Every structure is written in C-alpha cells, then in structure tokens.
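Peer 1: Okay, here's what each chain looks like letter by letter:
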Amino acid sequence: MRSSRSDLWAGLWAFSRLLLRSPWFAVGLVTAPVWSIGIGLTFAIHSPSLLSDQGSLRALSLGAGYFVVTSIVLWNVGHFLRQVREEGVLHSVIVAGGRVELLMLSRGITALPYTALAMALSYSAMVSLLGSSPVLVDPAGAVIAFLLLHALLVSVSLLAGSAFLWIRRPWLVTNLLQFLLPLSSGMVPIELFPEPIRSVVSASPVAHLFELLRRTVTGTESIPLADAQLFLSASLSVVSLLALSMVAMRLSTERMRRTGA
Amino acid sequence: MAVLLAFFQGLFFLIGTLVRREQELFARISGYNDSVLYQMAGVPVLLLSLVMVSAVGEYVIELGRRGALEHIQTLPVDMKLVMGAHATTIVSVSLLYYFAVTVPFVYLRGGPGAVAHLLPAMLVLALGLLPLFLFAALVALLTLLVRTEAFLELVSASVYTFTGIAYPLTVFPQFVALVAQLLPHPHVAESVRLAVFYGVLEPARLVPMLAVLAGYAVFSTAIYSRIERVLRRGGRYEVVTE
Chain A
1 MRSSRSDLWA
11 GLWAFSRLLL
21 RSPWFAVGLV
31 TAPVWSIGIG
41 LTFAIHSPSL
51 LSDQGSLRAL
61 SLGAGYFVVT
71 SIVLWNVGHF
81 LRQVREEGVL
91 HSVIVAGGRV
101 ELLMLSRGIT
111 ALPYTALAMA
121 LSYSAMVSLL
131 GSSPVLVDPA
141 GAVIAFLLLH
151 ALLVSVSLLA
161 GSAFLWIRRP
171 WLVTNLLQFL
181 LPLSSGMVPI
191 ELFPEPIRSV
201 VSASPVAHLF
211 ELLRRTVTGT
221 ESIPLADAQL
231 FLSASLSVVS
241 LLALSMVAMR
251 LSTERMRRTG
261 A
Chain B
1001 MAVLLAFFQG
1011 LFFLIGTLVR
1021 REQELFARIS
1031 GYNDSVLYQM
1041 AGVPVLLLSL
1051 VMVSAVGEYV
1061 IELGRRGALE
1071 HIQTLPVDMK
1081 LVMGAHATTI
1091 VSVSLLYYFA
1101 VTVPFVYLRG
1111 GPGAVAHLLP
1121 AMLVLALGLL
1131 PLFLFAALVA
1141 LLTLLVRTEA
1151 FLELVSASVY
1161 TFTGIAYPLT
1171 VFPQFVALVA
1181 QLLPHPHVAE
1191 SVRLAVFYGV
1201 LEPARLVPML
1211 AVLAGYAVFS
1221 TAIYSRIERV
1231 LRRGGRYEVV
1241 TE
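Protein sequences appear in the order of chains A and B. Numbering follows my numbering, in which position 143 of the first sequence is assigned residue number 143; successive positions increment by one, without gaps. So the number in my numbering is just where the residue sits in the second sequence, counting from 1, plus 1000.
Please keep in mind that the hints were generated in silico from the structure rather than gathered at the bench. Only a predicted model underlies this, so the values are computations on that prediction, with no experimental measurement involved. Each residue gets a CB set at the ideal place from its N, CA and C atoms; glycine is no exception. Do not take every clue at face value.
Claimed, not checked - Distance windows between CB atoms, simulated:
#, chain 1, residue 1, chain 2, residue 2, range
1, A, Pro196, B, Lys1080, 52 to 58 Å
2, B, Val1103, A, Val173, 26 to 32 Å
3, A, Gly88, B, Gly1067, 18 to 24 Å
4, B, Gly1067, A, Arg255, 33 to 39 Å
5, B, Thr1221, A, Leu29, 30 to 36 Å
Just chain A, with the same shape it has in the complex:
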C-alpha cells in the first residue's frame, strides 16, 4: 500500500506539469476575462446604472470572475475522475492501492494558481475596460477568502465528480451547475432582486463565502452580517463540504472496485 503523502505529492507534481504544458492553461487565462465581461454584462445590462457606479461595477466584475472560476474548477477537477477512468489510469491507481480521493485533491490544489490568476485577470480586465480601476481593500483577507472559495469549489467538484462516474451526460450537469451555483450565491448583486430572493440568497452559506471575498476585495457589503459571522459560516460550510466530498469519493472508488466499473 502506498502512503497518502506520496500519493498527494505524486499528484501535485504530475498535475502541475500537465497544467503548465497544456494549451488550455494559457488560452484559459485569456478567455477567463473575456467570458467574465460577457456574462457580467449580460445580467448588468438590465440596470445600466450599475456600470457607472464604481462600487457596483467592482462587485459585479468580481461576481463575473466568480462564475469563471466556478466553471474552471468544475471542468478541470469535476470531470477529471471520469477522464482518467476512460483513459484506464483510474484502474491502475485502484489496482496499485492508490488513494483516489488524494489524487483528486491534488488535482484541486494544482488548479489553485490557475483559478487565482483567472479571478484576478477577470476582475481587473472587466473593471478597467468599463472605465474604472480595480481595488483590493484587504489583501490578506482576500487571500484567505479566495482560498476558502477555491476549497469550496473543489469540494463541490469532487462531489459532482463522484456522481459523474455514474451519469450519462455529465457535461450537461456541469453546464447547469456552473451557472446555478454562482447565481444562487451572489454573483449578480442581490440588491437587484426582490426581497424574497434576497432573503434566500442571504441565508446561503455559499453566498456568505462570496460575500467575504467581495468585502475584502471591493469593500462593498450586500449581506447584513458581521465579518466574523461570515467567516465562521463560510469556514464551516467549506469543512463540511470537503469532508462530504472525501466520503463520496471514497464510496465511489469502493463501488468501482467492487463492481469493476
């Protein structure tokens, strides 16, 4: 049986090399801001005054970046398990006694520089193109909030990845999820929505996480909660989702081992 640590390091090393050598990485960094500008404007155009107000524009741009990052993680991490199964690699890993959940976790960790760069580029490009300047109110807080957000997205992707092994059209689910997750957690400024929707979004722990990032980056507030409450709610949701995703991954692997799927 291989050790967990060596599995994790092997994964980190291999995926870092793969990521840097893939044309998708470079192209992804160019397309990330382009997509975020398009998606952000699609929703903002109903209330064009958002584009002339500096604070709203920054919050909107960060929300559009959130959409892009969600998409990157879902496609890169969520679909990876199915991809390695189709390539026959997963079979070898399982036969060699490797820990699939650690392999997947290392895939999620190596995606971090990619998502961080994509978020930074998306936010800066959209704000700058629409005539304002990007700000970073609390750099240390923003780093922590982004790490939490990334961990949450990786957890969701691992959960989805476990399910993707058993469903016929995972790309369809990913396409839906990449919109529904950010939209239900504050990607579009919630001030634009009627009160009932605002209340639902404000109660979502995922929205708390994004709110934390928005506050630390742009200084604008949408959800009436103190920073400490937001941080606690966000951390709890990340830890519980990560634990859940690890269990789901373990169960999926066990099922594959048992059924030989």
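Chain B: place on chain A using the hints.
Peer 2: Just chain B now, with coordinates in the frame of chain A:
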C-alpha cells in the same frame, strides 16, 4: 444540446424578469425599450453561433483524428457541395430551434403581436445563418492550423462577449465596437431584433446587412480556400489536433 440552449434562454429570461430594470436608461444606450425582449430576440442567435463554432470545429477535429478528412479530400466530390449540404442541414435545424425556443419567451414578454413578428425575423435569420456557418467553418480550419482545440474556446468567448448580442456594443469603448462590426454576428442579431420589435424589414437596415453578409461570404470563401490549400499541401490534415 437543445435542452441546454433552452435552459440558457430560460435563465436569461428569468434573471431579466426578476432583477430591477432601468428601461429608460437602457433605451438611451440601446435604442430599444425592453431589455428582456432585446435579449430574448438576440440571444438565440448568439447561442446558435456558439454551437456552430464548437460543433463544426469538433466535427472537423474528430474527422481529422480518424483520418477521414484526408479520405474526403481524395473523393471525386466538389467540396462546395459537401459544405452546402452541411450548411443546409445546420441552417434548417437552427431555424427550427430559434422558433421553438423564442416563441414562448417572446409571447410572454411582447404578446401575440411580437410572436407574429417572428416570421420576418426567421426570414432574416435564414439569410444570416449562412455567414455564421461560414465563420464557424473558417474557425474549424484555423483550429486545424493551430492544432489546439482550445482555440475554439477563445473564439467562442470572443464571439459571446464582443459581438454585442446580449447587450448593446455602446457599453464598450469605441474601438471595441468598431472591431466587433467587422464580424457578421452583430449585423445578423440586430436585423433579427429589428424584425422582432417592429415586424418590418426596414430597407435602410436590411440593405447594409445584405451587403455585409455578401461581403463576408466572398471574403470567408476566399480565406477558406487559401487555408484549406495550406492545410492540404502541408500535410496538416494528418496531424492530430489536441
């Protein structure tokens, strides 16, 4: 794929209907008085164009992987005929899709009057889809040339964002709007939108659009032949696109 396109259209409709709208301000920057109907009329054109870019691109890449592209080149069939057959199928299916997906949302937003306007809109679209198909075919060939599928993603993102279909190009700095006008997409979407809003094919708008579309057809056919020759002579059809 149809489910996904309907989902996007529904999602855009839902968000547009739910959010606080500033229609006067929107009218000032777009010339139209309803931002939701604006998107419902134009967004399907955008989605169809994105599907064409990715579907035609992946189709050509897949043919290349299996060595079928080389095989087709050796057949005694005029390539224009092959392209024409593909274009006819894609345009017909796209028109059906546009009608099926747009009717409910246009009805909800604009009433039966706006639905009646869909007939001229579809006539314009039938014409406009041809340059969009040629654009997709060109992108597919360029993808073979650069040998990476990621190129399709780059084109899709640029088409979505910089063609001003989901929102007016006036939100961008002037140079972005000028560059976007070189593509056929804004002209096709604008003509379809005019038909949906006003039901008439205004000659003042239609003639420039026809000129742009014809120019685009000539230009893209010339470029297509040139790139195709480069691919064939360089043995690029044999190279696998990653």
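Peer 1: Hint by hint, say whether it matches the structure.
Peer 2: Hints, one by one, checked against the model:
Hint check: A:Pro196 to B:Lys1080, Cβ distance near 57 Å, so the stated range 52 to 58 Å holds. Roughly 27 Å separates the CB atoms of B:Val1103 and A:Val173, a value that falls within the hinted 26 to 32 Å. At about 23 Å, the CB distance of A:Gly88 to B:Gly1067 agrees with the hint of 18 to 24 Å. B:Gly1067 and A:Arg255 have their C-beta atoms about 38 Å apart, which keeps the hinted 33 to 39 Å range intact.
Between B:Thr1221 and A:Leu29 the beta carbons are some 34 Å apart, a value that agrees with the proposed interval 30 to 36 Å.
Checked against the numbered hints given earlier, this structure breaks none of them.
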